[in-house]
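There are 2 protein chains.
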Amino acid sequence: MSIFKHTTKLIHFYRPFLKSFSSMEKAHISKEGLVSRRADLEDLLKRRFYIMQSFGIYGGKAGLYDYGPPGCAIKANVEKIWRDHFVIEEDMLEISATNITPDIVLRASGHEEKFSDIMVNDVEKKEIVYRADHLIEEFIEETKTKQKDKLTPEKLARFDEILRRINEYKVNDIEEIIKELGIKSTKTGNALSKPYEFNLMFAIQIGPTGDSKGYLRPETAQGIFVNFRNLLEYNGGRVPFACAQLGIGFRNEIAPRGGLLRLREFGMAEIEHFVDPEDKSHPKFASYKDYALPLYHRHQQENGLDSVEMTLTQAISQKIINNETLAYFIARTHQFLIRVGIRPEGIRFRQHLGNEMAHYSQDCWDAEVLTSYGWVEVVGIADRSAFDLTRHTKYSKKDLVAARKFTQAKEIEVLEVKLAKPVIGKAFKAENKAIVEALENLDENTRKAAQEGLAQDKTWTLTLEDGRTFAITPDMMSFDLKKKRIMEEKFTPHVIEPSFGIGRIIYCSWEHSFKMRSKERTYLHIPPKIAPYKCSLLTVVTDPRFDPFVNKIVEGLKKYGISNKVDTTGQGIGKRYARTDEVGIPFGITIDHDTLEKETVTLREIDTTLQVRVPVNEIVDLVYNLSEETAKWEEVLKKYPQFTPSSQE
Amino acid sequence: MSIFKHTTKLIHFYRPFLKSFSSMEKAHISKEGLVSRRADLEDLLKRRFYIMQSFGIYGGKAGLYDYGPPGCAIKANVEKIWRDHFVIEEDMLEISATNITPDIVLRASGHEEKFSDIMVNDVEKKEIVYRADHLIEEFIEETKTKQKDKLTPEKLARFDEILRRINEYKVNDIEEIIKELGIKSTKTGNALSKPYEFNLMFAIQIGPTGDSKGYLRPETAQGIFVNFRNLLEYNGGRVPFACAQLGIGFRNEIAPRGGLLRLREFGMAEIEHFVDPEDKSHPKFASYKDYALPLYHRHQQENGLDSVEMTLTQAISQKIINNETLAYFIARTHQFLIRVGIRPEGIRFRQHLGNEMAHYSQDCWDAEVLTSYGWVEVVGIADRSAFDLTRHTKYSKKDLVAARKFTQAKEIEVLEVKLAKPVIGKAFKAENKAIVEALENLDENTRKAAQEGLAQDKTWTLTLEDGRTFAITPDMMSFDLKKKRIMEEKFTPHVIEPSFGIGRIIYCSWEHSFKMRSKERTYLHIPPKIAPYKCSLLTVVTDPRFDPFVNKIVEGLKKYGISNKVDTTGQGIGKRYARTDEVGIPFGITIDHDTLEKETVTLREIDTTLQVRVPVNEIVDLVYNLSEETAKWEEVLKKYPQFTPSSQE
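For the protein sequence lines, the chains are A and B, in the order given.
Reminder that position 400 of the first sequence reads as 400 in the working numbering, one-by-one numbering, no gaps.
Reminder that position 569 of the second sequence reads as 1569 in the working numbering, one-by-one numbering, no gaps.
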């Protein structure tokens, strides 16, 4: 996530993306400029308590952040939009499962074995730990900077290879690279320990006796998988269906850095869309077939090219996106990101390369957003095949399947097995029971293999789950091909999983909406729908004659549920506007002396700072429509007379 | 929480509270009836996946429950109403802090020392554990039932005393009571271990090195206290102000029972209202002064009386409720509970007795709801004085204070201390530095005591924080009474804390809204605002000519954000109504053959099952108003023609 990786590319991308920004900000489009701009943003976020490192009075805690009042309101709004955009609009089911998760669930999911980062210690000062991949990355960047002209082309190529493949390396590879490059503990210069895996889940004991182990969930998805049966039944047995969950995920990061992007506790929103593996079409695909978006697919990445704009139909017909459902969710995600304030010029969908994907994954795309850190992954959209349900079936011994129903009976051929149990018993004695059970439960393909083997070679090898093998002979089993009429067929659904990092999305939205009038007057120009308060209500001076108007308007705002901030202090109005700007309040109503005579107020918009005069009777409706984004500021400017304050700002 | 404690009282209370229920349900008003009714409710909750024990495919996990689709929607709605009712309506600040909490925070709060239950083990089978108070309660109840006629009045009185005081007992008391009553391990008959304290917090390690210990928060409140400085600054330094937080709390219960009422992970909503200790009035108290509610105050409890209906003014003037702010929150809580479907007849506010309250607490009230478990605490509203801020000041060494600003300068007298440092240095040598620092930081009262002591006795004893004492003589320090003009005065705010158990409130709302048409047809008659889906849309039969109407109405419902369920299958309409009833959908639109001719649909209400005919053009608006509770069903019945289905239901 280092900004220094692709500086030129970053600046190249950032320029058009900032085209609507002020000229002052355009000067920022350089490596240093972007980092300095980020510092200004972080200063605003902290100063107005959007977000703050947790437990500050106790020195703060790395990787933990609290949302203050404006941040908390933005988070709630983003979550509401997510729920409207996905759960309500797509008729998804939604559940809320627990954070505490017994260990067996995360063993089944693979997290107990594989959810880890590689770590090394300082051999002398064991309390100094490093995340190995970060250490290697930093070493290479620093060497490149320090020894700029001295590095051979071979060395540079080797560095690039390591950086490119850093996520693939196993413990052994890391150990060799540390040796090869001669990396030491950066804080002390001491040697480093052998690298080892550190599991990123927080372990807990459930109950008092200590025999019940668990973890804080690393993702919300498992809560949906373990409820698959309940959900399928709730849905009347029908597939496809989708289930969503908003909640928290926990990762015990080794040494969190990257500000708000890498936290130990973070908001997530996940969807598990269960489909029939034989039919991954999507009923709403047709209305999105011409939807175009920037795809940074495998071929482009492997050939050093940029993302390309493509329609979903093109992507499907060229077999770039695996299936319609995956494509549909990619488009819907694109829309969602734009709705919450991320600029389309700064979004791309990057396909996972073959070596990045889990073996079971059919196809996987990350929504990435361009920020001062470079491209940041904010959503992952994967076709995970039947992996999760199959694993939970294995560990829970409960079938997690759906049924494909036929409108008329279907005739199928079933190869039935007949066992000569006395012969088997005589041959295997103690193992008799296990062998009979295994032979009775062979799946269709294995039955066919056994039939062929016995016919051709007069013997066939049975392998039990524990690995033991036994030679089966033709006198032990025979076969019978039967026709059967069935009305349904069971199958394990596949799952398409869009997984959203809510905190990351909010941070990216802030980076994209951060603006500066001057170094001292910064603000967030976020969409009204996610704004923490929709509107401020100020009086130009303190005057009791304004009270009835204040009360009337506040009552109206409350009735419509429009969150607002009232300030009737006599402070300079310009100072108060600056403050409401900092808190990201898009609209400001001001009651002035004309209000008393003409029953009109002024309405100001944060970004243009333009004001119009609006009758008191119309103001609440107007602000409601503006904050719901059913009216636009440009329309308001045309409809109402513009108001030029004498010397207010 | 045993139902058997106050059976007669329970039935007595439950009767009027059920007065509007059907006659079939009135038959349930007995101890057994209430328990059986609860089983029917739990059956519905499970069958329609409102809520389900977590990790069912792995055998389930005690104390953990997942909210399924309707439960999850109800939870989101209750939280939204809470936010509207408190945060928006009262202009509170809201934050979202982390669940992971460093140990020092929970040491400061007192949880590390005191947040525990007393536990005993079976001496032979150590894995069998009991929560001591539950074990004693069960033993007494069982003995009372089994030996009904044999118990002496003295014995019965002793039992009653133990039950009444069970929450006060310390480890030693519990040990003696177990001996006195001869209680054994109920599962084996073995002897019990010595009782000991078990801390109910889940411990975790933050980061990889193991030197950073933490806990999952047992309540959300601490996240607000540690942010006090940020919040005060955000609020422009003004007190009073309130900060709210919605989130999760964790308690590692010893052996959770009581269904949904005692969980290891639960939704909470807490408010910390910071006030000047010298002024606990509330600006909105005036509009609630005649608000009446049932107060079960100390005097009533101590004299075996019931709760009494009182206005806030009466409660304040009779010094029953400590202050206006506390009273105001009690009334607002009462309103909130009713808004989310709890019947007013089943609510009371119980004041904590002297022995229940923490030493620092000025006054504390629980909102209790009558259920089949008896009276259940769902909200605690406490005046916690300056306890929390003082403790965090002590542990963090950061002042957590606000300023009382004067409109004009105030003259005060300050006793200043002058130290003769050479004399002190000579007298105490090595301890010199610590003593000088202590003398320079004496508070006003200690300075006065020192002045008096030195004047009268020619010596005064200084006690350091570590307990060491030193004799101070008049040659070491002198005093000077100075007049000072100040514009402000620092103080540690007091805090009024209303703390809501969201899960418990939802469960109580379900108990109060559960209804039965017959044993097989049960449903939840919850307020439309918390209903999981506001409206169903059915077609009387499957017919493509209905499609345009379905699409038009669905579009309208979506536009207004009205959650809905569409069912155009040809199943019997009565069966479908029964299903929508079970999921708690208050209103049902049905498209029938008259829709084609007259462009009208029918609208059905869950509780009355009455239907009216409404023009298609008006239906979305009408359902919107009904689900927002701005229109009432009784009014709809008057306005629109009633529709009597021929044989639909």
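I should point out that these hints are in silico values taken from the structure, not numbers from a laboratory.
Hints are not guaranteed to be accurate.
Straight-line C-alpha distance at most 25 Å; calculated PhoX-like pairs for lysine-lysine [stated by the list, open to error]:
no.	chain 1	residue 1	chain 2	residue 2
1	B	K1405	A	K80
2	A	K125	B	K1213
3	A	K284	B	K1398
4	A	K126	A	K179
5	A	K559	B	K1398
6	A	K46	B	K1559
If you want the footprint, here are the derived chain A segments under chain B, 3+ residues with CB under 8 Å [as the list claims (entries may be wrong)]:
no.	region
7	55-61
8	229-239
9	513-527
Stretch-level coverage of chain A by chain B, calculated; a stretch enters the list once three of its residues show a Cβ under 8 Å from a Cβ in chain B [unchecked claim]:
no.	region
10	35-45
11	66-72
12	194-204
13	392-403
Note that the Cβ used here is the ideal one computed from N, Cα and C, for glycine as well.
We went through each hint and held it up to the structure:
no.: 1; hint: K1405(B) / K80(A); verdict: 40 Å, violated
no.: 2; hint: K125(A) / K1213(B); verdict: 20 Å, holds
no.: 3; hint: K284(A) / K1398(B); verdict: 57 Å, violated
no.: 4; hint: K126(A) / K179(A); verdict: 19 Å, holds
no.: 5; hint: K559(A) / K1398(B); verdict: 41 Å, violated
no.: 6; hint: K46(A) / K1559(B); verdict: 37 Å, violated
no.: 7; hint: 55-61; verdict: holds (count 5)
no.: 8; hint: 229-239; verdict: holds (count 5)
no.: 9; hint: 513-527; verdict: violated (count 0)
no.: 10; hint: 35-45; verdict: violated (count 0)
no.: 11; hint: 66-72; verdict: holds (count 6)
no.: 12; hint: 194-204; verdict: holds (count 4)
no.: 13; hint: 392-403; verdict: holds (count 5)
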